[in-house]
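2 protein chains.
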Amino acid sequence: MPHWTALVAEKKQRQLKSIPQEWLVTPPPPSTLDVTGFPESCGLLNAREIEITNTSVDVLLKRLASAEWTAVDVTTAFSKRAIVAHQLVNCLTEIFIDPALARAAELDDYLKKTGKVVGPLHGLPISLKDQLCIKGLETTMGYVSWIGQYAEKNAVLVDVLIECGAVPFVRTNIPQTLMWPESFNSVFGRTTNPHNVSLTSGGSSGGEGALIALKGSPLGVGSDIGGSVRIPSAFCGIYGLRPSYGRVPYCGARNSLEGQDSILSVFGPMTNSLSGLKVFMKAVVNSKPWLKDPLAVRKKWDEDEYELADHGSGKDLCFAIMWDDGVVVPHPPIRRSLEITKAALQKAGHKVVDWKPIKHKLLGEVTRDIWNAGSAEDYMITTSVTGEPIIATMELDHADTTAASFRPQNGGITAYQLWQVQKLRQNIRKEYMDHWNATASETGTGRAVDAIICPAAPYAAPPHGKNRYTNYTTVWNALDYPATIFPVTTVDPTLDARDEKDPPHRFYDQFDQDVYEMYDPEKFKNAPVCLQLVGRTLEEEAVIKMTEIVDAALAAAK
Amino acid sequence: MPHWTALVAEKKQRQLKSIPQEWLVTPPPPSTLDVTGFPESCGLLNAREIEITNTSVDVLLKRLASAEWTAVDVTTAFSKRAIVAHQLVNCLTEIFIDPALARAAELDDYLKKTGKVVGPLHGLPISLKDQLCIKGLETTMGYVSWIGQYAEKNAVLVDVLIECGAVPFVRTNIPQTLMWPESFNSVFGRTTNPHNVSLTSGGSSGGEGALIALKGSPLGVGSDIGGSVRIPSAFCGIYGLRPSYGRVPYCGARNSLEGQDSILSVFGPMTNSLSGLKVFMKAVVNSKPWLKDPLAVRKKWDEDEYELADHGSGKDLCFAIMWDDGVVVPHPPIRRSLEITKAALQKAGHKVVDWKPIKHKLLGEVTRDIWNAGSAEDYMITTSVTGEPIIATMELDHADTTAASFRPQNGGITAYQLWQVQKLRQNIRKEYMDHWNATASETGTGRAVDAIICPAAPYAAPPHGKNRYTNYTTVWNALDYPATIFPVTTVDPTLDARDEKDPPHRFYDQFDQDVYEMYDPEKFKNAPVCLQLVGRTLEEEAVIKMTEIVDAALAAAK
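Protein chains in written order, with this note's numbering: chain A, 325 to 882; chain B, 325 to 882.
Check each hint, because a few of them may be wrong.
The list treats identical chains as interchangeable, and a pair is accepted whether it falls inside one copy or across any two copies.
To be verified - Straight-line distance between alpha carbons at most 30 Å, and here's what the computed BS3-like set of lysine-lysine pairs gives:
| id | residue 1 | residue 2 |
| --- | --- | --- |
| 1 | Lys616 | Lys606 |
| 2 | Lys624 | Lys639 |
| 3 | Lys680 | Lys754 |
| 4 | Lys747 | Lys477 |
| 5 | Lys685 | Lys437 |
| 6 | Lys436 | Lys612 |
Because the hints were derived from the structure by calculation, they are not lab data. All values derive from a computational prediction rather than experimental measurement.
Put together the whole structure using the sequences plus the hints.
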């Protein structure tokens with residue numbers, strides 16, 4: 325077998341060949357940190373293509389259904405913009421635009437002949453995280469060792485999306501192992517943040533985050549085991565949803581830690597358009613995934629739940645804001661975004677109370693113990709095929725391999741020991757549920773708190789290698805609560821000055837202080853600031869609707 | 325600490341004291357194998373009490389709701405019969421009739437004052453497997469080491485049932501560890517089969533099976549991780565349901581192998597009345613258990629699914645009969661029950677095809693590997709508190725401790741190894757689902773097979789210690805398919821003669837032959853013969869309705 329670097333070189337050559345050569349552009353100079361304007365100024369896209377790629381998912385679907393825009397036109401426009409995006413932030417892995425255009429042409433034919441759409445996603449280009457197998461393509465998931473492994477069939481979700489009329493056209497970048505909240509691997513390299521390329525796009529669905537922020541895709545599929553949809557959504561300033569276990573089919577996709585049955589990775593939508601969340605979830609759930617994936621939950625899309633039947637029909641909601649998680653206090657821009665949101669919700673007539681977090685630190689530890697029960701062996705066995713190194717830092721200079729490592733510190737535990745950790749986690753789940761139920765006494769609505777609003781991370785997108793703390797998202801995975809990401813503002817050095825009498829609070833511990841010390845408004849300049857809305861297990865319908873309510877309140881308050 | 329036998333003696337004294345002394349009877353001589361007639365002939369129950377205890381669940385609930393019968397009357401009648409049953413087959417563990425009668429009196433008061441029932445189970449006595457904690461009572465689960473551990477609160481399901489108006493009054497016997505398909509432990513001893521006390525009642529919910537067969541309870545709750553609701557239901561000749569994971573709340577109950585998140589134990593109803601299955605499931609699901617138990621699935625009771633919306637409204641069903649599982653061929657009475665059922669269904673206008681089992685042997689092995697990943701440590705740590713022995717045989721003479729042991733043969737595996745087994749199991753789940761879907765091409769209904777009908781075991785209730793093979797139930801746990809048990813016939817030495825040109829088939833292997841050699845119609849005389857109906861994950865509504873259809877077809881064909 326050739327040295328692993330030779331395998332990478334060969335794979336990269338093939339990737340380059342998969343890019344239409346006439347779409348290669350001269351990227352802006354490295355000093356240009358914010359590249360979000362480049363796709364529209366570079367000259368590759370015509371005015372109509374710019375219009376198409378700036379259109380929201382619901383409107384795109386309407387214009388596709390009415391044949392105002394053809395699927396070929398829409399797929400071409402997003403493909404061009406995706407290729408430009410890739411040249412800016414290195415967000416793509418597999419690129420398969422020709423088959424996508426062929427599929428788009430079929431869809432156009434079908435609509436022309438029958439007057440009907442194929443399904444609810446007719447003609448919509450969809451990007452996919454580099455786990456979602458497509459027949460005939462490799463799924464390397466950033467492992468050199470998996471180069472050359474061609475899928476014999478589609479992942480169930482890919483089949484579902486195609487049946488719904490979607491047009492997969494590119495796959496997107498991730499970190500090696502997926503278990504890191506940034507996106508760097510030895511095969512495809514690093515994805516950067518389009519709002520400021522010196523910052524991370526987040527991870528593990530960082531390629532999706534960056535691509536969608538540049539409008540190179542109207543909607544993409546990420547996966548989330550500890551925040552991997554939400555962190556890049558938040559860092560890149562887009563919408564995202566982490567559904568509950570089993571709401572979206574996972575079967576037939578590649579993954580890390582396979583066979584780990586406890587804290588599961590889930591697929592969820594990432595999109596520029598809030599409408600994309602409902603469109604995606606409704607289409608996927610209505611396809612009856614439980615007949616295609618044994619782990620998919622037999623629960624129909626419930627429009628009553630979307631209309632907040634269990635939340636007083638949405639008239640008089642009570643949101644709880646978690647200002648910090650009792651472990652790491654968020655940076656000033658995050659605090660400001662929470663204040664903006666609180667004011668907007670109150671102005672819209674909703675009630676806002678404070679959320680008191682319980683046992684978040686322990687939940688984070690338990691989650692890591694469950695993953696690390698066998699992860700060292702998983703990584704070692706996977707990488708040993710080619711001898712590629714296990715990446716231990718995502719810093720630019722690869723200097724700091726000790727701090728904030730998302731790699732296991734030991735070799736694993738026994739199954740019985742794993743069961744004990746899993747038992748502890750189930751006990752905390754019950755405790756947290758009781759804690760939430762008990763809020764019924766303080767909301768004044770007769771119900772418990774309708775949703776929690778909280779940071780997605782203690783900071784906006786940090787510099788590469790510095791995303792050290794994922795517990796603002798991970799706790800909800802451990803509890804299996806669905807959660808969305810929605811944009812609120814961007815880091816503004818004037819409004820978000822570092823308090824020079826720092827700290828403004830007493831630090832919980834040294835780690836908390838270290839995170840605070842990292843803050844420098846100039847360094848984070850222009851980074852999007854998003855928040856998270858959290859609901860109850862399998863309540864995706866209500867969580868999406870409440871996010872729409874919050875989003876509308878924010879827009880109205882502006 | 326006293327020797328464990330002293331702890332048992334003391335516990336048994338307390339159990340004896342919990343029995344109303346005036347309800348002690350003189351049991352029939354040991355030569356009486358069939359004791360099912362004794363409760364009505366022993367003289368303890370008056371005619372009305374006999375009538376009450378012979379009444380089906382739906383009628384009981386109607387008469388309770390109309391105050392024709394008081395909750396006190398009904399609870400008294402079943403309590404008396406339960407105590408008689410206990411003296412016949414040793415089926416009870418905790419006995420708490422006084423608090424039950426006090427609760428019944430409250431319910432009567434409430435109905436008298438308000439004219440309303442408390443809930444859908446108003447006044448219905450319900451027996452509970454010895455895992456379901458009740459505040460103030462011990463939950464030993466047959467472990468000497470757990471004697472003296474008093475529950476501080478009710479299990480979630482107990483709360484739900486009480487809110488629904490049910491009256492818990494006794495708990496029922498199990499095997500030590502729960503992981504054995506018979507019911508014997510060092511604290512409470514052995515439960516026998518009321519149809520023939522030389523046979524096992526099955527397990528692990530064997531106390532429930534025996535109690536309900538003697539009509540000492542109209543409805544009970546068992547648990548099922550590999551057949552523990554279905555095996556005793558089948559051996560004792562009653563109805564039972566193993567729901568999918570999370571349909572019935574488990575939180576707050578005691579269990580074996582806690583923290584094992586993969587192949588989960590579930591609670592399900594066991595009853596003399598087919599109506600009891602729907603009554604129980606609808607009441608529990610309508611209580612929104614997902615707000616009380618983090619693992620309970622947010623899926624409402626779906627009356628459309630009960631009316632077989634996904635199965636052509638039940639007009640033209642296609643059942644698949646699995647005659648054997650490719651591992652162990654069933655005894656003649658089981659074969660005959662399948663033939664009876666096939667003929668009855670065809671007579672009722674339904675289609676019947678053959679079910680081809682795939683990978684049942686492997687599924688059984690994988691399931692055992694998952695449980696045994698940590699079970700040796702689990703049992704050892706639990707029993708080490710008092711030094712009670714880990715029971716290794718359930719034979720009467722304790723002779724054969726090698727054959728058919730349901731104890732782990734080694735000390736466990738690593739978490740990573742466990743993940744590999746769990747991964748294999750998920751792959752087989754997908755394969756089995758595809759296999760089921762593929763039957764759409766042979767049913768002629770346009771749908772895949774609506775339900776599978778198969779044995780619950782390769783035999784009717786065998787002699788004590790001889791229940792060696794559970795895979796007819798366990799595979800459906802591994803696949804998470806809901807399954808019911810329904811009675812078909814009883815072993816009849818005339819109709820079920822052993823074929824003297826035995827075997828009638830070529831044996832799969834020595835084990836298959838050993839199971840066949842065990843058959844002797846005289847030995848199994850009078851044992852009930854039940855079958856199993858299997859549906860798709862989270863399709864409890866349809867599975868119950870289809871069982872009602874099969875039951876009606878069997879009645880009509882008689």
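Structure-based check of all given hints:
1. Lys616 / Lys606: Intra 16 Å, inter 27 Å, cutoff 30 Å: intra and inter.
2. Lys624 / Lys639: both (24 Å within a copy, 23 Å between copies)
3. Lys680 / Lys754: Within one copy only: 16 Å inside a chain, 41 Å across chains, cut-off 30 Å.
4. Lys747 / Lys477: Close across copies (18 Å), not inside one copy (37 Å); limit 30 Å.
5. Lys685 / Lys437: Cα proximity of lysine 685 and lysine 437: none, with 58 Å in one copy and 51 Å across.
6. Lys436 / Lys612: Within one copy, since 27 Å is at most 30 Å while 47 Å is not.
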